[in-house]
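Chains G and Y, in that order, are what the protein sequence lines are. Residue 242 in the numbering used here sits at position 231 of the first sequence; the count goes up by one each step and never skips. Residue 98 in the numbering used here sits at position 53 of the second sequence; the count goes up by one each step and never skips.
Treat the hints as calculated values from the structure; they're not laboratory data. Take the hints with a grain of salt, since some may be wrong.
[To be verified] Simulated pairs of lysine-lysine, DSS-like, Cα-Cα distance not exceeding 27 Å:
| id | chain 1 | residue 1 | chain 2 | residue 2 |
| --- | --- | --- | --- | --- |
| 1 | Y | K131 | G | K17 |
| 2 | G | K267 | G | K113 |
| 3 | Y | K68 | G | K24 |
| 4 | Y | K100 | G | K19 |
| 5 | Y | K48 | G | K77 |
| 6 | G | K113 | G | K24 |
| 7 | Y | K68 | G | K77 |
| 8 | G | K273 | G | K212 |
| 9 | Y | K127 | G | K19 |
| 10 | G | K271 | G | K77 |
| 11 | Y | K48 | G | K19 |
| 12 | Y | K128 | G | K77 |
| 13 | Y | K127 | G | K77 |
| 14 | G | K77 | Y | K66 |
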Amino acid sequence: MATELKLKELSKKPDIFCHGHRMCSGCGAPTVVKMVLLATEYPVVISNATGCLEVSSCIQDLTAWKTPWIHSAFENAAATIAGVETMYKSLLKRGKMPENVKFIAFGGDGGTYDIGFQSLSGAMERWHDMLYICYDNGAYMNTGIQRSSATPLGADTTTSPAGSAIPGKLQPRKDLTKIMAAHGIPYAAQASPSHWMDLMKKVRKAHEIKGPKFMNIIAPCNRGWRSQTDDSILLSRLAVETCYWPLYEVEDGKLKITSKPKEKKPVAEFMKPQGRFKHLFAPGNEALLERVQQEIDKNWERLLKEDAAE
Amino acid sequence: MKKWKELVPGAVVLEAGSSEKFKTGSWRSFRPRWIEENCIQCLFCWLYCPDMAVKVVEGKMTGFDYDFCKGCGVCARECPGKKGQKAIVMEPEGK
Chain G
12 MATELKLKEL
22 SKKPDIFCHG
32 HRMCSGCGAP
42 TVVKMVLLAT
52 EYPVVISNAT
62 GCLEVSSCIQ
72 DLTAWKTPWI
82 HSAFENAAAT
92 IAGVETMYKS
102 LLKRGKMPEN
112 VKFIAFGGDG
122 GTYDIGFQSL
132 SGAMERWHDM
142 LYICYDNGAY
152 MNTGIQRSSA
162 TPLGADTTTS
172 PAGSAIPGKL
182 QPRKDLTKIM
192 AAHGIPYAAQ
202 ASPSHWMDLM
212 KKVRKAHEIK
222 GPKFMNIIAP
232 CNRGWRSQTD
242 DSILLSRLAV
252 ETCYWPLYEV
262 EDGKLKITSK
272 PKEKKPVAEF
282 MKPQGRFKHL
292 FAPGNEALLE
302 RVQQEIDKNW
312 ERLLKEDAAE
Chain Y
46 MKKWKELVPG
56 AVVLEAGSSE
66 KFKTGSWRSF
76 RPRWIEENCI
86 QCLFCWLYCP
96 DMAVKVVEGK
106 MTGFDYDFCK
116 GCGVCARECP
126 GKKGQKAIVM
136 EPEGK
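Please construct the entire structure, taking both the sequences and the accompanying hints into account.
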């Protein structure tokens, strides 16, 4: 019998990702991992792409994981877990393994959108029974805030510095959730830790589906976003309410928006508390801020249309 | 810290959750204080804590684990409190 999705019941479960990890104070990623594992009711094997989560959750012989966990390189977290899953299937056939072991790969946006993309795409196409989770903080935070293809338009990073030459990153972000859905996989979804119930329901749903699953979860980074240590949940909530980070799922090709904001807030409300967008509020950059809003409106309209279709 | 020759070959870690030996509480410059009378036991502090540093016993919040709390303040920010009174407040460390 599955644990009810009530905090009181969930709090009785033992931690699978425990304290003593060395993620920064107020980081969003450990909260995402904790929620994913709280929602998981099966034994799990995890592979982790290089990134903040990987380097700070297992330092020398001190690991924060209480489940089999494999550190792989930046580009092959999906291939690693695909291999484990294949071995498991073989052992299962020979009766050497219990049934219902689940496989999860965690990667940051750099290890998912950019460097690990080919192995992720390959694992999805080969139809491994696995769940890939990308915690998206929108840049290579671990190495010092370099732009990635998940970095939003106009964001100041060390490799797209806002100044007299350019006003931050000039290109909009890649829509990876849609790209993964286009692989024709049975489940792809986008979630946010601020909407924990929605996140946990999606994880549960994913585990019950056989085949490749992908989830993209926003994970605010106060160092890279130049915000405060206490606002990771607040910012992930604003990301949803401004439709910067819409919550939806694509199940067997059918898109469904799982949480519509009561009132769509202007994206400036999400951007204002973040120092990486500070320059967009300075005189002369109104046009870029307007373009950011237009991109978000366009994307949201498209999602609404797809949601209404059928 | 162990020398590399003392580690298990292949850098395999045999003890699950060994990071519990590494106390991160010393990173803290602000300290959360729990005000029990304002607490409605919503457990959001426990849920949102990135450091698993909120102690919950039998489904009830009982305080903080200062050995691991990094003092980020997410718990205080997300605390709904009772009648507008927060049940968690952040105070400068060492005061």
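Now the hints, each set against the structure:
1. The suggested pairing of Y/K131 with G/K17 holds, with an alpha-carbon distance near 22 Å, which does not exceed 27 Å.
2. The hinted pair formed by G/K267 and G/K113 meets the criterion: a straight-line CA distance of about 25 Å does not exceed 27 Å.
3. Between Y/K68 and G/K24, the direct Cα distance comes to roughly 22 Å. Compliance with the 27 Å bound is thereby established for this hinted pair.
4. Proposed proximity of Y/K100 and G/K19 is supported: the alpha carbons are some 12 Å apart, at most 27 Å.
5. A distance of roughly 24 Å separates the Cα atoms of Y/K48 and G/K77; the hinted pair therefore holds under the 27 Å criterion.
6. A C-alpha spacing of about 18 Å is found between G/K113 and G/K24, which places the hinted pair at or below 27 Å, so the restraint holds.
7. For the hint linking Y/K68 to G/K77, the alpha-carbon distance of about 17 Å falls within 27 Å, and the restraint holds.
8. Our distance criterion of 27 Å between C-alpha atoms is met by G/K273 and G/K212, whose separation comes to about 21 Å.
9. Between Y/K127 and G/K19, the direct Cα distance comes to roughly 18 Å. Compliance with the 27 Å bound is thereby established for this hinted pair.
10. Between G/K271 and G/K77 the alpha-carbon distance is near 36 Å, which puts this suggested pair outside the 27 Å criterion.
11. The hinted pair formed by Y/K48 and G/K19 fails the criterion: a straight-line CA distance of about 43 Å is larger than 27 Å.
12. The suggested pairing of Y/K128 with G/K77 is violated, with an alpha-carbon distance near 39 Å, which exceeds 27 Å.
13. Straight-line distance between C-alpha atoms of Y/K127 and G/K77 comes to about 36 Å, which puts the hinted pair past the 27 Å bound.
14. In summary, the hint linking G/K77 to Y/K66 is supported, as the alpha carbons are separated by about 14 Å, within the 27 Å threshold.
In summary, the numbered hints that this structure violates are 10, 11, 12, 13.
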